[in-house]
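Undergrad: If you want the building blocks of each chain, they are given just below.
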Amino acid sequence: MSRVIRFALLPLLAVASVLTLGTADTQARFNDLGHKLMCMCGCNQILLECNHLGCPDAAKESQELRAAIGTGESDTAVMEAFQAEYGPTVLAAPWLSRFNIVAWVVPPALLLLGLFGTFALVRKWRLRAAAMPAVADDPASRDLRERIRKETEI
Amino acid sequence: MPAFGSFALVVALLLSAWNLLAGGVALRLLATGSRGAIVPERLAETARRAGIASFIAVSCAAFALVWAAFTNDFRLVYILDHSNRALPWPYKFAALWSGQEGSLLLWAWLLAGYGFVLRLRHKVDVKLTAYASTILAGIQVFFLLLVNVAATPFSLVQGAVPPDGNGLNPLLQYPEMVIHPPMLYLGYVGFSVPFAFALGALMMRYPGEKWIHITRRWTMVTWLFLTVGIFLGMHWAYNVLGWGGYWGWDPVENASLMPWLTGTAFLHSVMMQEKRGMMKSWNVWLIFSTFLLSILGTLLTRSGLVSSVHAFAQSSIGTWFWVFLVIVLAVCLFTYILHRDHLKTEHQLESLASRESSFAFNNLVLLLACFTVLWGTLFPILSEFVQGNKVTVSAPFYNRVAVPVGVFLLFLTGIGPLLAWRSTSLRSVRKNFVVPGIAALVVAIAVIPLGVHPWTIFTTDHEGAFYAWVTFALAGFVATAIFAEFFRGARVIQKHTAQNLLSSAVQLTRRNTRRYGGYIVHFGVVLIFIGISGQAFNRSVEQTMGYKQTMNIGPYQIECMDYSQDTNANYDSTYAILNVYRDGHMVTQLDPAIRFYQASQQPATIVANHSVPLWDLYVVFAGTDPQTGQPVIKAFLNPLVMWIWIGLLVTIFGTAVALFPNLTAALAAQRSRVSVPAGHGPVAAGRAGD
Numbered sequence: 001m002s003r004v005i006r007f008a009l010l011p012l013l014a015v016a017s018v019l020t021l022g023t024a025d026t027q028a029r030f031n032d033l034g035h036k037l038m039c040m041c042g043c044n045q046i047l048l049e050c051n052h053l054g055c056p057d058a059a060k061e062s063q064e065l066r067a068a069i070g071t072g073e074s075d076t077a078v079m080e081a082f083q084a085e086y087g088p089t090v091l092a093a094p095w096l097s098r099f100n101i102v103a104w105v106v107p108p109a110l111l112l113l114g115l116f117g118t119f120a121l122v123r124k125w126r127l128r129a130a131a132m133p134a135v136a137d138d139p140a141s142r143d144l145r146e147r148i149r150k151e152t153e154i
Numbered sequence: 001m002p003a004f005g006s007f008a009l010v011v012a013l014l015l016s017a018w019n020l021l022a023g024g025v026a027l028r029l030l031a032t033g034s035r036g037a038i039v040p041e042r043l044a045e046t047a048r049r050a051g052i053a054s055f056i057a058v059s060c061a062a063f064a065l066v067w068a069a070f071t072n073d074f075r076l077v078y079i080l081d082h083s084n085r086a087l088p089w090p091y092k093f094a095a096l097w098s099g100q101e102g103s104l105l106l107w108a109w110l111l112a113g114y115g116f117v118l119r120l121r122h123k124v125d126v127k128l129t130a131y132a133s134t135i136l137a138g139i140q141v142f143f144l145l146l147v148n149v150a151a152t153p154f155s156l157v158q159g160a161v162p163p164d165g166n167g168l169n170p171l172l173q174y175p176e177m178v179i180h181p182p183m184l185y186l187g188y189v190g191f192s193v194p195f196a197f198a199l200g201a202l203m204m205r206y207p208g209e210k211w212i213h214i215t216r217r218w219t220m221v222t223w224l225f226l227t228v229g230i231f232l233g234m235h236w237a238y239n240v241l242g243w244g245g246y247w248g249w250d251p252v253e254n255a256s257l258m259p260w261l262t263g264t265a266f267l268h269s270v271m272m273q274e275k276r277g278m279m280k281s282w283n284v285w286l287i288f289s290t291f292l293l294s295i296l297g298t299l300l301t302r303s304g305l306v307s308s309v310h311a312f313a314q315s316s317i318g319t320w321f322w323v324f325l326v327i328v329l330a331v332c333l334f335t336y337i338l339h340r341d342h343l344k345t346e347h348q349l350e351s352l353a354s355r356e357s358s359f360a361f362n363n364l365v366l367l368l369a370c371f372t373v374l375w376g377t378l379f380p381i382l383s384e385f386v387q388g389n390k391v392t393v394s395a396p397f398y399n400r401v402a403v404p405v406g407v408f409l410l411f412l413t414g415i416g417p418l419l420a421w422r423s424t425s426l427r428s429v430r431k432n433f434v435v436p437g438i439a440a441l442v443v444a445i446a447v448i449p450l451g452v453h454p455w456t457i458f459t460t461d462h463e464g465a466f467y468a469w470v471t472f473a474l475a476g477f478v479a480t481a482i483f484a485e486f487f488r489g490a491r492v493i494q495k496h497t498a499q500n501l502l503s504s505a506v507q508l509t510r511r512n513t514r515r516y517g518g519y520i521v522h523f524g525v526v527l528i529f530i531g532i533s534g535q536a537f538n539r540s541v542e543q544t545m546g547y548k549q550t551m552n553i554g555p556y557q558i559e560c561m562d563y564s565q566d567t568n569a570n571y572d573s574t575y576a577i578l579n580v581y582r583d584g585h586m587v588t589q590l591d592p593a594i595r596f597y598q599a600s601q602q603p604a605t606i607v608a609n610h611s612v613p614l615w616d617l618y619v620v621f622a623g624t625d626p627q628t629g630q631p632v633i634k635a636f637l638n639p640l641v642m643w644i645w646i647g648l649l650v651t652i653f654g655t656a657v658a659l660f661p662n663l664t665a666a667l668a669a670q671r672s673r674v675s676v677p678a679g680h681g682p683v684a685a686g687r688a689g690d
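Line order of the protein sequences matches chains A and B. Heads up: the first sequence runs through residues 1 to 154, numbered per the numbering used here. Heads up: the second sequence runs through residues 1 to 690, numbered per the numbering used here.
Please note: incorrect hints may appear among the correct ones.
Residues from chain A that keep clear of chain B, each with C-beta distances beyond 12 Å, as calculated [what the hints assert, rightly or not]: (1) Q63; (2) A67; (3) E73.
Keeping only pairs whose Cα atoms sit at most 25 Å apart, straight-line, the calculated PhoX-like set for lysine-lysine is [said to hold, decoys possible]: (4) A:K124 x B:K431; (5) A:K60 x B:K390; (6) B:K495 x B:K431; (7) B:K390 x B:K127.
Derived from the structure by calculation, the hints contain no laboratory data. The model shown is predicted, which means the values in this text are computed figures rather than measured ones. We put the CB at the ideal spot given by N, CA and C, even for glycine.
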C-alpha cells in the first residue's frame with residue numbers, strides 16, 4: 001500500500017515542481033534578498049524588518065536593492081555589490097567563502113559526530129553488558145531508587 | 001533613603017561573606033574531623049543564619065531603590081536615568097530592573113531569596129544544605145560585590161538635582177515588562193540552587209541520588225520560570241517592537257535560550273540517573289553548564305561583547321563576569337577531577353530501542369541546539385579574530401541550521417514515550433508506532449490542499465514550507481502518541497472503577513503526576529511548534545491610507561476611518577482608526593499608533609493585533625507620508641501565532657501537574673504521618689525535601 005502511495009505521489013510532485021518553476025518575480029526577489037540583508041543603521045535588524053522611525057539607512061538600502069534587481073543582475077551579484085559597498089556585516093548570514101564556511105559546517109558536523117558517537121557507544125556497551133560485573137550498591141541508595149521508581153514510574 | 005540602601009548593601013555583603021567563610025571553614029573541619037576551640041556545627045549554624053539575614057538586608061536595599069523611584073528621588077543617578085514624574089506607577093516599580101545597577105540588585109535579591117528558602121529548609125539534609133548554602137553564598141558575594149563596588153544603584157547626582165528624570169526607555173513601558181524580567185531572572189538565578197546542590201554533593205561525595213530528588217522541584221520550578229520569561233519576552237517583542245515577528249535570534253534572546261536548552265536536557269537526563277543510576281557525570285556537567293550559560297548570558301547582555309537590539313543595560317562590567325566565569329569553571333573542573341570516581345555509572349545502555357537511548361539522543365540534540373545557538377552568537381567575534389572583520393549571524397543562519405535540529409527534537413519527543421526502559425521489542429515498537437504513524441501520514445496529506453507545499457524546497461531556496469509540512473506531520477505523530485498513552489492508561493482504570501473515560505484520565509494523571517504532567521508539557525511543545533511553523537506563511541502589505549481608503553490582506557479588507565493625534569503627561573501619540581472587514585462584515589476596529597515619549601524624547605510603536613486561532617492580523621503604524629500627512633500602515637497576516645501562547649499555557653499546566661505529589665504517594669505520606677511521628681519516616685523526610 002505504501003509503495004502505491006509513493007508512486008502516485010511522484011508524478012504529482014514532478015508536475016507541481018515544473019508548474020512552480022520560474023514564478024519568482026521582481027517583488028518576490030526583493031522580498032527574498034531583503035530578508036538576507038541587514039539594515040546598516042546599527043539597529044541590528046533584517047533590512048525589510050527594520051521598523052524604527054526615521055531610520056536613515058533602510059529606505060536607501062531598499063531603493064538600492066530595487067534598482068539592482070531592476071537591472072537584471074543575479075542574486076549573487078546583488079549580494080556582492082552590497083557587500084562591497086557596506087562590508088560583510090550587511091549580509092544577514094555569513095557568505096559561503098573562506099573561513100565563513102566553518103560557521104555552516106561545524107553544527108551539522110557535530111550532529112553527525114554526536115549521532116555516530118552515540119550509536120558506537122551504545123553498541124560498545126551492549127557488547128560489554130554481558131561481561132560487566134555487578135556494581136556494589138549501598139542499601140540506602142537502592143531503597144531510595146526503588147521508592148523513586150515506584151513513585152515516578154516514568 | 002540612598003544612605004539606607006547603600007548601608008543595607010554593605011551589610012548584605014558582610015553577611016554573605018561570613019556565610020561563605022564560616023560555612024567553608026565549618027565544612028572543612030567537619031570533613032577532616034578536627035575539633036579544636038571552634039565547634040564546627042555552631043560555626044555552620046552562624047553561617048546559615050548570616051545567609052538568612054543577608055536576604056533581609058538585600059530586601060531592604062531593593063525596597064530603598066523602589067521607594068526612591070516612587071518618591072521621585074532624582075538625587076539618585078539611577079532613578080534620574082530610568083524614571084520621571086509622569087511615569088505610571090507600575091513602571092516605577094519596573095525601574096528596579098530597567099537598568100544595569102537595578103537589574104544586578106534584582107539578581108542579588110532573588111539569589112538571596114532562593115538562599116533564604118533553602119537555608120530555612122535545611123533540615124531536609126543538614127550537611128548537604130550546608131554545602132549548597134556555602135556555594136550559594138559564594139555566588140551572592142560576587143553579585144553583592146558588583147552592586148557595592150562596580151555598579152552601585154545608590155550613587156548620587158553631582159551638583160544640582162534636576163527637577164525631573166530622563167524617563168524609562170519607551171520600549172520597556174509595556175505591561176509585560178513588569179513581569180518578564182523578574183520571570184527570566186527567577187529562571188537564571190534559580191539554576192544556582194541545583195548547581196549548588198550538585199557541586200556540594202560532588203564535594204562531599206554524597207551517596208546515591210538524593211540530591212537530585214531534593215532539587216527536582218527546584219529545577220522544575222526554575223525551568224518553568226525561565227520558560228515563562230522567554231515566552232513573555234517573545235510576546236513583548238511581538239507586541240512592542242512592531243516588526244511582525246516574536247523571535248529575531250538576537251544575542252540577548254539567544255542568551256536566554258541556551259540555559260533553557262541545557263536545563264531541559266538536565267530535566268530529562270536526571271530521570272536516567274534516578275531510574276538506572278546512569279549518566280552521573282553527564283548530569284553534573286549539564287547543571288554546571290546551565291549555570292555557566294546563565295552567567296555567560298548575563299555577560300553577553302551586559303558587556304556589549306555582541307551587539308543587540310535588547311541590550312538595555314550595557315556597560316563595562318564584563319571583566320567582572322569573565323573573572324567570575326573562569327573561577328566557577330575552575331572550581332567545577334577541579335571538584336570533578338578530584339571526585340570523578342564517585343560518579344561511576346551503575347548500568348549501561350542495553351539497546352538502541354530503549355527509553356534510555358531516546359533520552360541520550362534527546363540530550364545530544366538539545367546540547368547540539370545549544371551549541372548551534374552559542375556558535376552563531378559568538379561566531380562574529382571568532383570571525384573578527386581570524387579574518388579581521390566581523391560578520392553578521394542572524395535569522396537566515398539559524399533558520400537553516402537550528403530549525404532542522406528543532407524538528408528532529410520534535411520527532412524524539414514523539415518516540416521517547418513509546419519506548420520501554422532497558423529494551424523495547426520489535427513487536428512492541430510496531431504496535432506503539434502504527435497509530436501515531438498513520439496520524440502523521442494523514443496530517444501530512446491533509447495539509448497539502450491547505451497550501452502547505454513541501455516541494456517548494458526544490459523550486460525556491462525557501463525551506464520554510466517544507467519544514468512546516470514535516471512539523472505538522474510530526475505534530476500529528478506526537479499528539480496521537482500522547483493521547484494514545486492517556487487513552488490506554490485511562491481504559492485500564494475505567495475497567496476497574498467503572499468511571500467515565502475523562503475521570504479515569506484525571507485519576508491516571510494524579511497517580512503519576514510526573515509522567516503524565518510531562519506528557520502534557522510535551523503536548524504544549526507540540527502546539528508551540530505548530531504555532532512557530534505558521535511563520536513560513538507570513539504575508540505583509542504596506543500602504544499609505546487616506547480617509548476611507550482600503551487595503552486587502554488575506555481574507556481581510558482594512559478601511560481607514562480616521563487618523564489623528566493625542567497627548568498626555570507621559571507621551572504624544574499619532575494614531576489611525578481602522579475598520580477591519582471579512583466577507584463584507586465588520587470584524588473589529590484596530591488603532592495602531594506611534595507614541596513619542598516626552599521625557600526620553602524617543603518614539604515607540606504601538607501595534608494593533610486581531611488574533612484568531614487561524615492567524616493574527618497584525619497592524620503597525622509605520623509612519624506618515626511626508627507629502628500628504630496620511631498614515632503609512634503596514635499589515636501582516638501571521639498564521640497560527642495564537643497556538644504559541646496556548647502551547648505555553650498548556651506547558652505551564654503540565655509543569656504544575658508534574659510538581660504535584662502523586663495521589664498514591666500523598667496518601668502513603670498521610671498514612672505514615674499518622675503512624676510515625678512527624679519528620680521520622682523516610683518517606684516524610686524525602687517528601688519534605690522536594
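Undergrad: Just double-check A67 of chain A for me: nearest Cβ-Cβ distance to chain B has to come out over 12 Å.
TA: holds, 19 Å
Undergrad: Can you confirm whether the C-alpha distance between K124 of chain A and K431 of chain B stays at or below 25 Å?
TA: violated, 28 Å
Undergrad: For the pair we were handed, K60 of chain A and K390 of chain B, check the Cα-Cα distance against 25 Å.
TA: Judged against 25 Å, a Cα distance of about 23 Å means the pair holds.
Undergrad: Hey, does Q63 of chain A actually stay past 12 Å from chain B on C-beta?
TA: holds, 15 Å
Undergrad: Between K495 of chain B and K431 of chain B, does the CA-CA distance stay at or below 25 Å?
TA: Distance ~21 Å between K495 of chain B and K431 of chain B Cα, so the pair holds.
Undergrad: With the threshold set at 25 Å, check whether the alpha-carbon distance from K390 of chain B to K127 of chain B stays at or below it.
TA: violated, 50 Å
Undergrad: Holds or violated: is the Cβ of E73 of chain A farther than 12 Å from all Cβ atoms of chain B?
TA: Its Cβ never comes within 12 Å of chain B, the nearest being 17 Å, so this holds.
In summary, the numbered hints that this structure violates are 4, 7.
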